[in-house]
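J.: For reference, the chains in residue letters:
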Amino acid sequence: MNAPPVIVIGNGITGITFARNFRKKSSKPILIISKETPYFFSRTAIMYVYMGHLRWEDTQPYENTFWEKNKLDLLQGTVTHINPKEKNIRLSDESILSYDSLIIATGSIPNKFGWPGENLRGVQGLYSKQDLDSLEDYSASTNKAVIVGGGLIGVELAEMLHSRGKKVIFLVRENSFWNNVLPKGESELINQHILEHGIDLRLNTNLSEIIEDKTGRVKAIRTDSGEIISCQFVGLTVGVRPNIDFINNTDIATNRGILVNKYLETNQSSIYAIGDCSEQQEPQTGRRSIEAVWYTGRMMGETLAQTLTGNKKTYNPGHWFNSAKFFDIEYQTYGLVAPQPTKPEKHFHWKHPNKNVAITLSYNENTKQFLGINTFGIRMRHELLNKILCEKKSVFYMIEQLANCNFDSEFFKTYEEKILLKFNQDFNTNIKLKKKSWKVIFNNIIS
Amino acid sequence: MKLLQKIGLGIFLIGLSLFCSLVLLGKYKLNPKEFQRVIYAKGIKSELFINSLNTSLVGKEFSEPFSFSLHIITAVKEANKIHKKNREWGKVIWDKPHSLSHDVAKIAGKGIVKENKFLFWLLTFGLGILGSLLYILPNLILLGPPGIKNNGIYFSSSTNRGFLGWFVFLFLVTFYIVLYFFPDYIVNWTYIVDPISQSISGNLASQWFLYGFLYCVVMIVMAIRMYIKYRNNMHQILRTTSVLFFQIVFAFLIPEILVRFDKPWYDFKNAFPLDYDFFFSWNLNSLISSGGFGIFILVWGIVLTLVIVPVMVYFFGKRWYCSWVCGCGGLAETLGGGGNWNVGWFTVFYSFL
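In order, the protein sequences belong to chains G and E. Be aware that the first sequence starts at 72, since it is given in the working numbering, and climbs by one per residue. Be aware that the second sequence starts at 12, since it is given in the working numbering, and climbs by one per residue.
Because the hints were derived from the structure by calculation, they are not lab data. On a predicted model such as this, the values are computed, not experimentally measured, just so you know.
Label pairs and their calculated CB-CB ranges:
1. G:PHE482 with E:ILE306: 35 to 41 Å
2. G:GLN377 with E:LEU181: 52 to 58 Å
3. E:VAL184 with G:ASP164: 51 to 57 Å
4. E:GLN47 with G:PHE482: 58 to 64 Å
Built from N, CA and C at the ideal position, the CB exists for glycine as well.
Kindly produce the complete structure, drawing on both the sequences and the hints.
T.: Structure, rendered in structure tokens:
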């Protein structure tokens, strides 16, 4: 009988990154199981399928022949149970598969908070291929849509529906969009931009109830102020949680997610959990125990592939970074920028008087150490910023290096001089911008 | 705004239909004097050809170009067949039959189009440009704030290989076949750009002048569309300006002006092997016999192919030529307009390697 394979549950960025990196160093059999789609796709791109920028096949980063060529076996099926003692799993068709190691990378599922009517037809989150398909199904019969929850997926869904000519009402619990993450000035910039696109943004508004018509489909919602808003579609985008319901009756220890140590090991031998579904028992300082983003999933996949091919490694995500897009405004963040800085963190903020371009630098008030940066409408060079953060450079050094850190396309307008002017006024300094130098950039990236 | 676009589309389609129907307007009548001029200018020595046309064509009036052309083609073929059989090489007519027919038709064409060149320019090019602009300019408002504007590309019949896409494909293929192989059918199109050609090169317009002029007009109008689409992106705005500049100045104006000064027609940015006949013997002979300027073109063409293109590609990749200089890339990224990146044949292609 053949040796049991390494089984990966989930073919998202995390599971696939693990499998690819594992395959580079080992010829052991690998089986990747997904209930969602036959092939890996780029989850962050599904909005562009709905908007008509891409076809579904364009979201698949690898040719369909890639998997067989690299001996990565794919199986579309649903895992219903895990038996750590026997080292096997059961699928929904009752078949039993043995594993050599088991990697759980099942990602997230959209949150629901027990609202009346949350399971009606026309009410859904936006996460999976199935969500995209059902959104497409409801789309033709939707003129007016309500989105609940002011986060990254909420604003994406608003853009998607808006692009197909739907009237969008966007309910946000907070008094400004995403202000539990973004500092005040930036959050207000995004409020304005959402309104500019013709979205009916309702701040300080909660959902109370979803009302059904005779056919079991949503026909309206009621807000906490009692207002009834008629609609044919409701998008619930109030965050995600680890997708671990199927292992609740096993011995694998869980909290909100599957608990893992710094080697990404669960409490059961030969079982690992990576990506959105995992929860770090001892997260690095300044990092959360569950981080449901693309980049961390990828890093966990890379780390575990090293460990399982004989080079045992701890999960070390380094400095936080992320990127997103709010309609036409690109957003990037590196390091830590608190929404409301508490001592000793302090912020320097610059915003273009009439364009959607802004930047926030956070630093330590006492030591002047640079702590992090948010940019809107300016792209930054990740390697260089990561290096500046690792070397604990001062905010003065950072501002001086602004031109070298810029990663916009050639010929884009730059704003470094204007930013520096305000910085020098605020800090009463006379810092001069270091000219963009490819030598400095390449030296720093390579070293 | 949407209404304005619909009106614009309507005006454009009227202009396009008029342009197509020009082919069937007017009359063709070659009088004996004009025929003498053709025989002289072309150096035709075949009495068979001359006699044949004197009976079948000269002095007769034709209401469409096809039968007019057919008489000339038949006369050339039959005369050549006999001359070749009799080994009378000096009498064989070496011109391509449809090119000769084009030159004759250009002289023989009469009537409404030739007499109202400016009016018909307005009714075809003019309406086309006006309609297109009415369709394009409202996008300034309709597309919303500056940003990435690819919404619905894969839902549209024209941009996702739907009915409209195939229709345009067939239309363009037909246009190119007529342009390259049956120029004698479209002399009416060349009449309406005669005044422009005369003001630049001093000559009447050939089908190639018409093509170059049309190419420039299409690129300018559609570049306006791209300027609106790419409002958020200085890189794309400069790139669009660059391809536009190279098309209008290098591919269109400079070669035509060179002709005015009796120099060879040459597009200085057109590198071999794109300029596939650059090293053909007739081209080399013509360059060498054109004196210092011809030699300069010859040296420039070689340096462009062997030094400039490889060096630039080393530093910038092929994009510097395809998307910043080349006329083909220019048309693709203005008339076409981005979005259709994925050919999807790579697996098939690689399986042959």
